[in-house]
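> Residue-level listing of the chains:
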Amino acid sequence: GENVEQHPSTLSVQEGDSAVIKCTYSDSASNYFPWYKQELGKRPQLIIDIRSNVGEKKDQRIAVTLNKTAKHFSLHITETQPEDSAVYFCAPPGGYNKLIFGAGTRLAVHP
Amino acid sequence: EPEVTQTPSHQVTQMGQEVILRCVPISNHLYFYWYRQILGQKVEFLVSFYNNEISEKSEIFDDQFSVERPDGSNFTLKIRSTKLEDSAMYFCASYGGIETQYFGPGTRLLVL
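In order, the protein sequence lines correspond to chains A and B. Residue numbers are given in my numbering: position 19 of the first sequence equals residue 19, and the series is strictly consecutive. Residue numbers are given in my numbering: position 67 of the second sequence equals residue 1067, and the series is strictly consecutive.
Simulated from the structure, these hints should not be mistaken for laboratory data. Any given hint could be a false lead.
Only pairs whose alpha carbons sit at most 25 Å apart, straight line, appear in this in silico PhoX-like list of lysine-lysine [what the hints assert, rightly or not]: (1) B:LYS1042 / A:LYS42; (2) B:LYS1083 / A:LYS71; (3) B:LYS1042 / B:LYS1078; (4) A:LYS68 / B:LYS1083; (5) A:LYS57 / A:LYS71; (6) A:LYS71 / B:LYS1042; (7) A:LYS37 / B:LYS1042; (8) B:LYS1042 / A:LYS22; (9) A:LYS68 / B:LYS1042.
Listed next, the stretches of chain A that the computed footprint assigns to chain B, with coverage defined by at least 3 CB atoms under 8 Å from CB atoms of chain B [what the hints assert, rightly or not]: (10) 42–53; (11) 96–108.
Please read these numbers as outputs of a predicted model, since none were measured by experiment. Heads up, the beta-carbon is just placed ideally off N, CA and C, and yes, glycines get one too.
Take these sequences, add in the hints, and give me the full structure.
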């Protein structure tokens, strides 16, 4: 939390390709690492999260990997589909569990 | 599945007017938050609220902003004298202490 950087800011892939988004955080005390998907005009929706006691978590086509030593965690989407097109945010919590959002990655999946 | 609700969904106001944005958090949650998102930008933390008081606020949350939990269910954000730059989507979120924060659908505020 507190200082969060997210890359890339935009990502364009062909349907069926994989997409990877990386998030770097500064607070070494962080122990919870969520990824949110936001469609235009909608609320952020949690799509996957991981806690610091595991290094990877997978849910169908979506996975999150965590490197606590390097203080970064990544979102992996495999076999991308047009409906995956959205803005994705990492949001590790800071003090009082407030979420510190990254700048977002606009993913475009082209048919 | 329980949900966070917010009203109104849209609010248009004149600069200098007061607005109150309302939220009903998930009933057994104890931590409440307001965030805002200016169009095309990231979600920014405004304030957190626990045990009937503010636990943390950001630099954005100046004296023009206040929050209240007037009864056991509603959680409100008041902007006393709106400015053009307050135009944004405002999200309420609640947290039960274990899983993750749940966001409401947002109130789109437009200050003219």
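> Hint by hint, which ones does this structure get wrong, listed from lowest number up?
Failing hints, ascending: 2 and 4.
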